[in-house]
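Peer 1: Residues per chain, in single letters:
Number of protein chains: 2
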Amino acid sequence: MATLFKDVLILDGAMEKASRGHILVSKGRIDSILSADQTPPAADKIVSGHGRMAVIPGFVNAHTHAAMTLVRGLGEEAPLMEWLQEKVWPVEAKLTADYIYWGTLSAMLEMLAGGTTCFADMYFEMDRVAEAASGAGMRAALCRGITADANDPGKVGRSLQENLELAERWHGREGLITVQLGPHAPYTVPMNDMKKIAEAAIDRGLGIHLHFLETEWELNYLRDELKATPESYLKDTGLINVPYAVLAHAVWLDPKLADTMSFSNMTLIHNPCSNLKLGSGVMPLNDWLERDVAVALGTDGASSNNRLDMWEEMRTTALLHKGVNKDPLRVTALEALRMATYEGARAFGFARKGMIREGWMADLVLVDLDTPHYIGADEENLAAYIVYAGSSADVRGTMVNGKWLYRRGDYPTLDREEIVQRAREARKAITK
Amino acid sequence: MATLFKDVLILDGAMEKASRGHILVSKGRIDSILSADQTPPAADKIVSGHGRMAVIPGFVNAHTHAAMTLVRGLGEEAPLMEWLQEKVWPVEAKLTADYIYWGTLSAMLEMLAGGTTCFADMYFEMDRVAEAASGAGMRAALCRGITADANDPGKVGRSLQENLELAERWHGREGLITVQLGPHAPYTVPMNDMKKIAEAAIDRGLGIHLHFLETEWELNYLRDELKATPESYLKDTGLINVPYAVLAHAVWLDPKLADTMSFSNMTLIHNPCSNLKLGSGVMPLNDWLERDVAVALGTDGASSNNRLDMWEEMRTTALLHKGVNKDPLRVTALEALRMATYEGARAFGFARKGMIREGWMADLVLVDLDTPHYIGADEENLAAYIVYAGSSADVRGTMVNGKWLYRRGDYPTLDREEIVQRAREARKAITK
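Protein chains in written order, with the numbering used here: chain A, 1 to 432; chain B, 1 to 432.
No lab work stands behind these hints: they were computed from the structure.
Source: prediction; values computed, not measured.
No distinction is drawn between identical chains; accordingly, a pair holds when it is met within one copy or between any pair of copies.
Distance condition first, Cα-Cα at most 25 Å in a straight line; then the derived PhoX-like pairs of lysine-lysine:
{"no.": "1", "residue 1": "17", "residue 2": "432"}
{"no.": "2", "residue 1": "17", "residue 2": "87"}
{"no.": "3", "residue 1": "326", "residue 2": "87"}
{"no.": "4", "residue 1": "428", "residue 2": "17"}
{"no.": "5", "residue 1": "326", "residue 2": "256"}
The shape of chain A in the complex, shown without the other chains:
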C-alpha cells in the first residue's frame, strides 16, 4: 500500500526552508521525495495538497505520563505538595491495569489528533501501555516508573524486574516500541538503587529515563540529603555511562556543567507548559543549545499542563525564552520544530525518524494551510507560520509507519467511542 502526498509543502526541523513537491510513502518508509516539477509516481492512495497542505514530521512527546488523563483537573490552583498528596496520589492509588489501559488510549486519541506520532511514557502497568500503543500502531518509548518505599524494601527490586521484563517483551517490537529503565528521580530512588539501575541499563544496553532537577527543592535535596552536586550525582550513579540517559525537566541544572562534563549520552526534555503551571521555573534553554546539548520537548502528564499538545510546547518554547530573556532572537521557529520532532525521536532510540528524508520512517503530519491564518505562508516562511500561527486544529491527518492513525476526525485503528466511554467510567470509579 503506497500513499502519495501530491503537491504539498515539505518542511522538517533541519531544512532552512520548505520545498514544494511530492512524497511517496511505501512499506512504512518515505520511499521518495520529488520536486513539484517532477511527475508524481503512481500510488494506491493519493492525498492532493494543491500547494495548500504541508507535510511535517510527526511530533514526539518526549516526556509524559499518558494515563494521567484520568486525573486531569483534580485540585487545581493548590500548592504543589498539597495538590499531589491530597488530590492526585490518593486517586492514582486507585488506578488498575485496566484503567491505565483506557486512560492511555484516551491520551493517544488526543495526541494523534494533534499530530503526535510517538510518546515517551513513564508510569506503571506498562505492559498495558505497550499493548495500547502497539495495538493502535503508534510509536512509544516506555519505562516503568521506579520509586522506593521505606515500608517496602523490596519495591525497587520488583519494579526494576518488571521494567526489565517489559524490555524483554517489548523493546524493539515491530520497530514501534523502545523500552528504557525508569528510575523516577533522585529524591524517590536511593543512590545505591540508582547505581544498580544504571548498571542494569549498561548490562542490557538500555537507556534510562528519569526526572532530574524539576524544582529548586530537588536541587537542595541533592545538596542537603545526598551531599551531591548534579555533576557528582550523574557521575557517581553511573548515569554518564549508560547507553543513553533522558533527563526530564532539568529546570535547575546549570548549563555550565556542559563546559566540563560530556552530555554526549544525554538528552534534556524541556516541558515548558508544565514547568510554568507548577511554578517550577524556566529552564535556561538557550545556554544548553549554545553548548550543543540535545534538548527535546514534552508535555508532561495531563494533570500538570493540562494539554497533550506538542504544538503548544513548540510555540511556548519559541515564545517563552525570547520573553524572559528580553531577546527576540532566542529559539527560532525551526529550532522549536526540530526539538518537537527529530530530537525526541533520536533521544529514545528511534533511528531515521523526525525528518522528511528518503528511507526515513513515514511518521508524518498533514497540515491544512487553506485557512485564514496561513495566508501568506510560503516556502521561505513556513516554519514561522507553523510554529507561531499554527495549532493542533490545523492537523488533517497523522500517519505512523505509513498508516493513518488519525484522518479528519476519524481514528482508523482505534474505537474512539468505546475509549471515551471506558475512560469516563474509569474517571468516575477512581474519583468516587
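Given chain A's structure and the hints, the job is docking chain B onto it.
Peer 2: Okay, now just chain B, sitting in the frame of chain A:
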C-alpha cells in the same frame, strides 16, 4: 428569533463554579437562565447540549491591529527595529483602504472561529474596519492610530479629525461599535498633541486607547526625552482625567504607582504572547491584580503573536505568571477567563457584556466538551478544563447579539471564500 441552549454547562469569569441548565436567547440578549431541573421554554432554534456542551461568554480581544493579518510572518527572527523598519513598515505603507477591509475580514474569520465576539482595533482606514465589523454583526471598539511625522506637521491634526469623524459616524451604532481616540504611544505623539487628544476625549465623552510602556526603551524615552515619569506623564497629559483610558501592554509600568495614583478610569491590556515574542518582557500582572487595577487580555497584531486566538492568551496568562514567579497559585483559571471576557468588554464601554446573566448581551461561545480532553470536566472544575486544557479547536459556535456568526466551520454572515481570496490577493500585492 429565540434560541434555546438546552442542558449545557454555564460558566463565566465571576462564577465560582459552573451550573448546568438552559439559556434562552432572544432579541440579542440573554432572556432567561433556568436550572437543569426546570422545563426549558419553547424557542425557534434549540441547541441540545446533553450536558456535554458548555456556554461561556464571548472573548474580547482587547488590543489588536486586525488588518496586520496581511503582514503576518514577514521577516521573522529579526531584531525588533530591523524587523519593523525593513520588513513591516515598507509593506504596511502599501496598504490601501480596500486591503485593510479584506485583511480585517480575514482576521474576523480567524477570531470568530476561536470564540472572539469583539475586538479592540487600532489602525487606519478605520471606516472600512467599522464597515467590516458592522456588516458581519461583530462587535468592535475602534480607534484611528494617531502618530506624528516631523516632515508633516499637520498629520496629528488630520488624524485626530479622522478619528473624531469616525466617532460621529460609528460610536454606539447598533450597540455593536464603540469608538475611542487612538494616540499611538508617548514616543510617536508629542506631549502637546497627547494633551490635545486627551482634551478632545473629555470634550466628546470618549475613551482613549494607546500603547504605553511596551518596552524598556519606551520607559527610558519617557525619562530621557520627555523628562517625565509614568506618573507625571499620565497626569500632565490629562490621561488620568479622560472618561476612560486603555493602556496596551504596560509591561514596564510599575504597579506601585497604583498605591499613590488612582487607576479608576484605566484598564491595562496584557498581551502576553506578543510581549514574549518581541522580547519585551513579562508584565507584573499579579501586582496589578492585587491592587485591584483592571486588566484585560489582547493578542496584539498577527505579526507579533502570530495568532488571533484568545484561548492562547488566556492559557498563557494563567501559566506564565505562575512560572516566572515560581508560584503555582498566581492567576487562577477563573481570573484568566474573566480578563479574556468581561474585563475587555467593560474596558471599551460595552455594558452588560462578558458574563452570562439575564438581560446581558447574548455574545456567547458554544464549547464542545464531548472530547477526550474534557473527560472528568464537571461543574466544579470546568474553569480549569477550559483554560488549561481547552483550545479554539473546541469552539462549535460563536454568537454575537443573539446571532450565530460562526457555527461548525460556517460563517452565516461572511463569505469566507471571497474573503480568503481577496486577502491572498492583497498579501501578494503588498509583498511584490
